[in-house]
Amino acid sequence: MVEKDFIEKELEQILASRLLESKKQACNFLTYTVTETLAGRGEKITQYAIAIDALGKPTDFCPTESPAVRVEAGRVRKLLEAYYASEGQHSKVKIVLPSGSYQPVFEYGTPAPPTTVQSFEPKSIQSLGPKVHISYQDTALIRDPALRGLVYNMRSILPMTLGNFREVRIALARASAGKHPQTDVLASAWRRHQAEFLLQCTAEVTETGFALRFVLLHTLTREEVWSENAHLPLHHTQQTLEAIFSQLIQETFSLHRGVAMAYWSRYWKNRDIIPSHYQVLVEHVAFIQETAGDTNLQAFLEACQTRTQRYHDDALAHLHYAVLCLYAYMLGDTSTPLETQWHRLALRALELNPGNALAHSIFALECFHRGDHEMGQVEIETARQVNPHDATGGHLMAVGLCALRQWELAFTLMRDIAGLESSYPDPRRTIPCLFYFRRGEFARIASATPQFTELGGWETFGKLANHCRTDDCKGCIQTLSQAVDKVSPQTTSLPNNSAWASVQQRLPPSSSARLNDLALHNTALQ
Numbered sequence: 114m115v116e117k118d119f120i121e122k123e124l125e126q127i128l129a130s131r132l133l134e135s136k137k138q139a140c141n142f143l144t145y146t147v148t149e150t151l152a153g154r155g156e157k158i159t160q161y162a163i164a165i166d167a168l169g170k171p172t173d174f175c176p177t178e179s180p181a182v183r184v185e186a187g188r189v190r191k192l193l194e195a196y197y198a199s200e201g202q203h204s205k206v207k208i209v210l211p212s213g214s215y216q217p218v219f220e221y222g223t224p225a226p227p228t229t230v231q232s233f234e235p236k237s238i239q240s241l242g243p244k245v246h247i248s249y250q251d252t253a254l255i256r257d258p259a260l261r262g263l264v265y266n267m268r269s270i271l272p273m274t275l276g277n278f279r280e281v282r283i284a285l286a287r288a289s290a291g292k293h294p295q296t297d298v299l300a301s302a303w304r305r306h307q308a309e310f311l312l313q314c315t316a317e318v319t320e321t322g323f324a325l326r327f328v329l330l331h332t333l334t335r336e337e338v339w340s341e342n343a344h345l346p347l348h349h350t351q352q353t354l355e356a357i358f359s360q361l362i363q364e365t366f367s368l369h370r371g372v373a374m375a376y377w378s379r380y381w382k383n384r385d386i387i388p389s390h391y392q393v394l395v396e397h398v399a400f401i402q403e404t405a406g407d408t409n410l411q412a413f414l415e416a417c418q419t420r421t422q423r424y425h426d427d428a429l430a431h432l433h434y435a436v437l438c439l440y441a442y443m444l445g446d447t448s449t450p451l452e453t454q455w456h457r458l459a460l461r462a463l464e465l466n467p468g469n470a471l472a473h474s475i476f477a478l479e480c481f482h483r484g485d486h487e488m489g490q491v492e493i494e495t496a497r498q499v500n501p502h503d504a505t506g507g508h509l510m511a512v513g514l515c516a517l518r519q520w521e522l523a524f525t526l527m528r529d530i531a532g533l534e535s536s537y538p539d540p541r542r543t544i545p546c547l548f549y550f551r552r553g554e555f556a557r558i559a560s561a562t563p564q565f566t567e568l569g570g571w572e573t574f575g576k577l578a579n580h581c582r583t584d585d586c587k588g589c590i591q592t593l594s595q596a597v598d599k600v601s602p603q604t605t606s607l608p609n610n611s612a613w614a615s616v617q618q619r620l621p622p623s624s625s626a627r628l629n630d631l632a633l634h635n636t637a638l639q
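Under the working numbering, the first residue of the sequence shown is numbered 114, with each subsequent residue one higher.
Derived from the structure by calculation, the hints contain no laboratory data.
Every residue, glycine too, gets a C-beta built ideally from N, C-alpha and C.
Treat each hint with caution, since some may be false.
Stated by the list, open to error - With a straight-line cut-off of 27 Å between C-alpha atoms, the simulated DSSO-like cross-links for lysine-lysine are: (1) Lys157 <-> Lys136; (2) Lys244 <-> Lys117; (3) Lys191 <-> Lys136; (4) Lys244 <-> Lys382; (5) Lys170 <-> Lys205; (6) Lys117 <-> Lys137; (7) Lys207 <-> Lys137; (8) Lys191 <-> Lys244; (9) Lys599 <-> Lys576; (10) Lys136 <-> Lys207; (11) Lys205 <-> Lys117; (12) Lys117 <-> Lys136; (13) Lys157 <-> Lys170; (14) Lys191 <-> Lys157; (15) Lys137 <-> Lys157; (16) Lys170 <-> Lys136; (17) Lys207 <-> Lys191; (18) Lys117 <-> Lys157; (19) Lys191 <-> Lys117; (20) Lys207 <-> Lys122; (21) Lys205 <-> Lys137; (22) Lys157 <-> Lys122; (23) Lys207 <-> Lys157; (24) Lys137 <-> Lys170; (25) Lys191 <-> Lys170; (26) Lys122 <-> Lys244; (27) Lys122 <-> Lys136; (28) Lys137 <-> Lys122.
Said to hold, decoys possible - FRET-style restraints, in silico, Cβ to Cβ: (29) Asp485 <-> Val218: 28 to 38 Å; (30) Ala300 <-> Glu156: 48 to 58 Å; (31) Ala300 <-> Glu194: 45 to 55 Å; (32) Pro450 <-> Glu116: 42 to 52 Å; (33) Ser179 <-> Gln352: 29 to 39 Å; (34) Thr404 <-> Pro272: 27 to 37 Å; (35) Leu132 <-> Pro563: 27 to 37 Å; (36) Thr566 <-> Arg483: 13 to 23 Å; (37) Glu403 <-> Leu128: 41 to 51 Å; (38) Arg154 <-> Glu403: 47 to 57 Å; (39) Leu128 <-> Ser389: 35 to 45 Å; (40) Gln591 <-> Thr350: 36 to 46 Å.
Model the full structure from these sequences, guided by the hints.
Following this line, the structure appears as structure tokens:
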């Protein structure tokens, strides 16, 4: 065993590092577990003891009901890995927290090898998504100070924003196109960085500010997948730039609608062999963007089961397996033991993906499914604070809350995510009329299981979603009308939805009149 003095000195250096600066709970966790292990009590460390003695939890803390200790352990594990990859790469002693254990182990360190570009590996113990190399103009060739400053900001903010998404990897090496103008940038992005996408970002000065241009290319097929232009005022804030990047990410790399993710999934689905570490995400994107049916769900399920059984620490596989449990619930799939698996997988996803918005989102939905509404609300807010740019997690929560018939909260999220006017949401941008049409009758009736079945269940919900996806508002209204009118009079005489009344009260007169006109229009369609 490594000598005690060396370990204590190493602990002091870790606690004093910039990486753990202001991370009080992580420091307390690490100090407690190392001290107990050095005292010979490592095998007796428990979640309860950590919660009470290190994290300051109350004495009625219950480890089976709260994931606090498991989440903190995952966070400490990641921090230690990051520390030894940066500030502590030359440490002679290493403190390691093995996965699945709260007892640290101590190892003699080895000098870090020189950084080199790794060749493409066909296997990985972690499921992965596509890698994107981001290229910018060479700032050394830009004479305009305002433009040069903008490019510096783009180079700093875009990778940081995109880095919040677990499903996408970023090649951070600087491009050298300015020094070698004849270089094949697509071949270089693949050969040097193993990046399947190249995102080219350029900016030019205009009379009123800056013109931004984004082009996304697939390095293996050399096809242009997506492009977009944006205007930026001369005097802009960082929030304005972040908003542009957030929209860029939603259109390209979000799970539910990103064109790059869809292209990447189709590319590998059309190959003879999908790399095993890609299978989970390839199948998930195929399910959510192509055909959300039983066949694709089964392929997604098999990929998740294979990875999680083979690699117990596969963070992304466990996370997306937990998301799959929601899909299984929505599709009425009884082959998955949902009650036990969803709870276990949601907790494991939180542990393996600390600080991940999607992990908090799916845990929030699982809490609502169990009836723990208070914890669900807390997790929703946590998810939104962790990554405010994550539209995928927001859409997942909104749709999931609809599935769990938490209508008012679902539509609050939908309004926020879509960026719609709170006074009058555009019905073509959400699943509209569930709440804002016919005075919320569908939502009110569907709040109980028997009545939801009487309305047509998920088949009707799916029709509404398809109408909305194609901007067929008239078809959506007709489907709703037919569903509500088939329900027995006893069901439709349920008490009025107080949420709808409160929405009506908040609307300005013009908006309220438009909604009432829409209700009259619905009657005319019948």
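Verification of the supplied hints:
1. For the suggested pair Lys157 and Lys136, the alpha carbons sit about 25 Å apart, so the restraint of at most 27 Å is met.
2. As the CA atoms of Lys244 and Lys117 are separated by approximately 42 Å, the hinted pair breaks the 27 Å bound.
3. Among the hinted pairs, Lys191 with Lys136 is consistent with the structure: their alpha-carbon atoms are about 13 Å apart, no more than 27 Å.
4. At most 27 Å may separate the alpha-carbon atoms for a hinted pair to count; Lys244 and Lys382 meet this at roughly 17 Å.
5. A hinted pair counts as satisfied when its Cα atoms are at most 27 Å apart, and Lys170 with Lys205 does not qualify at roughly 34 Å.
6. Proposed proximity of Lys117 and Lys137 is supported: the alpha carbons are some 23 Å apart, at most 27 Å.
7. With a C-alpha separation of about 21 Å, the suggested pair Lys207 and Lys137 falls inside the 27 Å cut-off, and the hint holds.
8. With a CA separation close to 21 Å, the supplied pair Lys191 and Lys244 stays within the 27 Å bound.
9. Distance restraint check for Lys599 and Lys576: the Cα-Cα separation of roughly 16 Å lies within the 27 Å cut-off, and the hinted pair is therefore satisfied.
10. At most 27 Å may separate the alpha-carbon atoms for a hinted pair to count; Lys136 and Lys207 meet this at roughly 20 Å.
11. Of the supplied pair hints, the one linking Lys205 and Lys117 holds, its CA atoms being roughly 13 Å apart against a limit of 27 Å.
12. As the CA atoms of Lys117 and Lys136 are separated by approximately 24 Å, the hinted pair is consistent with the 27 Å bound.
13. The suggested pairing of Lys157 with Lys170 holds, with an alpha-carbon distance near 19 Å, which does not exceed 27 Å.
14. Straight-line distance between C-alpha atoms of Lys191 and Lys157 comes to about 23 Å, which keeps the hinted pair within the 27 Å bound.
15. Annotation: proposed proximity of Lys137 to Lys157 holds, straight-line Cα distance about 23 Å (limit 27 Å).
16. Between Lys170 and Lys136 the alpha-carbon distance is near 17 Å, which keeps this suggested pair within the 27 Å criterion.
17. Our distance criterion of 27 Å between C-alpha atoms is met by Lys207 and Lys191, whose separation comes to about 14 Å.
18. Between the alpha carbons of Lys117 and Lys157 the distance comes to roughly 19 Å, so the proposed pair stays at or under 27 Å and holds.
19. For a cut-off of 27 Å, the pair hint linking Lys191 to Lys117 stands: about 24 Å separates their Cα positions.
20. At roughly 11 Å between alpha-carbon atoms, Lys207 and Lys122 fall within 27 Å of each other, so this suggested pair holds.
21. A hinted pair counts as satisfied when its Cα atoms are at most 27 Å apart, and Lys205 with Lys137 qualifies at roughly 25 Å.
22. This hinted pair checks out: Lys157 and Lys122 have alpha carbons roughly 24 Å apart, not beyond 27 Å.
23. About 22 Å separates the Cα atoms of Lys207 and Lys157, which keeps this hinted pair within 27 Å; it holds.
24. Distance restraint check for Lys137 and Lys170: the Cα-Cα separation of roughly 14 Å lies within the 27 Å cut-off, and the hinted pair is therefore satisfied.
25. Of the supplied pair hints, the one linking Lys191 and Lys170 holds, its CA atoms being roughly 22 Å apart against a limit of 27 Å.
26. With a C-alpha separation of about 38 Å, the suggested pairing of Lys122 with Lys244 is violated against the 27 Å cut-off.
27. A threshold of 27 Å between alpha carbons decides the hint, and for Lys122 with Lys136 the separation of about 19 Å falls inside it, so the pair holds.
28. The straight-line distance between the Cα atoms of Lys137 and Lys122 is roughly 19 Å, inside the 27 Å bound, and the hint therefore holds.
29. Look at Asp485 against Val218: about 35 Å separates their beta carbons, and that is inside 28 to 38 Å.
30. A C-beta distance of roughly 54 Å is found between Ala300 and Glu156, which places it inside the suggested range of 48 to 58 Å.
31. A hinted range of 45 to 55 Å for the beta carbons of Ala300 and Glu194 is inconsistent with their spacing of about 32 Å.
32. Look at Pro450 against Glu116: about 49 Å separates their beta carbons, and that is inside 42 to 52 Å.
33. Judged by the Cβ atoms, the range 29 to 39 Å given for Ser179 and Gln352 holds: they are separated by roughly 35 Å.
34. Checked against the hint of 27 to 37 Å, the pair Thr404 and Pro272 passes, with Cβ atoms roughly 33 Å apart.
35. At roughly 54 Å, the beta carbons of Leu132 and Pro563 sit outside the given window of 27 to 37 Å.
36. Separated by about 22 Å at the C-beta atoms, Thr566 and Arg483 satisfy the suggested range of 13 to 23 Å.
37. In this structure the hint that Glu403 and Leu128 lie 41 to 51 Å apart at CB holds, the actual value being about 49 Å.
38. Evaluation of the 47 to 57 Å hint for Arg154 and Glu403 yields a pass: the beta carbon distance comes to about 53 Å.
39. Restraint check, Leu128 to Ser389: a C-beta distance of roughly 39 Å satisfies the suggested window 35 to 45 Å.
40. Separation of Gln591 from Thr350 is about 45 Å and conforms to the stated range, judged on CB atoms against 36 to 46 Å.
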